[in-house]
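Residue numbers are given in numbering that gives the first Met the number 0: position 44 of the sequence shown equals residue 43, and the series is strictly consecutive.
Think of the hints as simulated: they come from the structure by calculation, not from any bench.
Bear in mind the structure is a predicted one, so any value in this text is a computation, not a measurement.
Among the hints, a few may not be true.
[To be verified] Straight-line Cα separation of at most 27 Å, DSS-like style, residue types lysine-lysine; simulated pairs:
(1) Lys159 / Lys24
(2) Lys24 / Lys83
(3) Lys159 / Lys71
(4) Lys17 / Lys159
(5) Lys136 / Lys110
(6) Lys136 / Lys24
(7) Lys71 / Lys61
(8) Lys136 / Lys61
(9) Lys61 / Lys17
(10) Lys61 / Lys24
(11) Lys110 / Lys17
(12) Lys24 / Lys71
(13) Lys110 / Lys24
(14) Lys83 / Lys159
(15) Lys83 / Lys71
(16) Lys110 / Lys61
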Amino acid sequence: MPTENHFTFRQVGVVRTKATDDEVKEMSGQMEATVEIFPEFQEALDGLDGFSHIFVLSYLHKLRPEQIGPLKVRPRRFLRAGLKPEEVPLVGVFSIESPTRPNPIGLSLVKLVRREGRMLHVEGLDVFNGTPVLDIKPYTETYMVEQYELAEWNRQLLEKMENTSS
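Let's have the full structure, built from the sequences with the hints guiding it.
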């Protein structure tokens, strides 16, 4: 049996939003929030002004124990869109954006609306009030992909979703 490696991260900030947990779940990435960076990390924000988007890496602190570890799940976004569970395949968590994963780490690409000192006002965040922030990275040209492919199962579900909503 392989030895497990454990890592320690330093929390650099916290997410602040007026949205309830249920509202966050319903908004599905459309939420406005403030990322409060702790005073000892404020200097790390120098140069961030002017970027339109940033990545927020977070610790998904509200996951229940049974949500940490399953390796296969049904993608929730298709279920929330109205597809029936039997229409949505079980797929590996590395192939979807589910919070259910071996490590409860969140990655959100958000619009940076403005910065006020240590406060980053953002749109598009999809985590709860009080979520610990592990890191911030700017969205730069190195992340831009001109052409990308979706897995066949994903493409088919998107088409099915479009047909359901029409």
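Evaluated hints:
1. Lys159 / Lys24: holds (22 Å)
2. Lys24 / Lys83: holds (19 Å)
3. Lys159 / Lys71: holds (21 Å)
4. Lys17 / Lys159: Not OK: Lys17 and Lys159 at ~34 Å, beyond 27 Å, violated.
5. Lys136 / Lys110: Holds - the C-alpha atoms of Lys110 and Lys136 are around 12 Å apart, at most 27 Å.
6. Lys136 / Lys24: Between Lys136 and Lys24 the Cα gap is close to 24 Å, so the pair holds against 27 Å.
7. Lys71 / Lys61: holds (20 Å)
8. Lys136 / Lys61: holds (23 Å)
9. Lys61 / Lys17: holds (17 Å)
10. Lys61 / Lys24: Status holds; Cα separation ~12 Å.
11. Lys110 / Lys17: Distance of about 18 Å is within 27 Å: holds.
12. Lys24 / Lys71: holds (21 Å)
13. Lys110 / Lys24: holds (19 Å)
14. Lys83 / Lys159: Given pair Lys83, Lys159 holds - Cα atoms ~11 Å apart, limit 27 Å.
15. Lys83 / Lys71: holds (17 Å)
16. Lys110 / Lys61: holds (24 Å)
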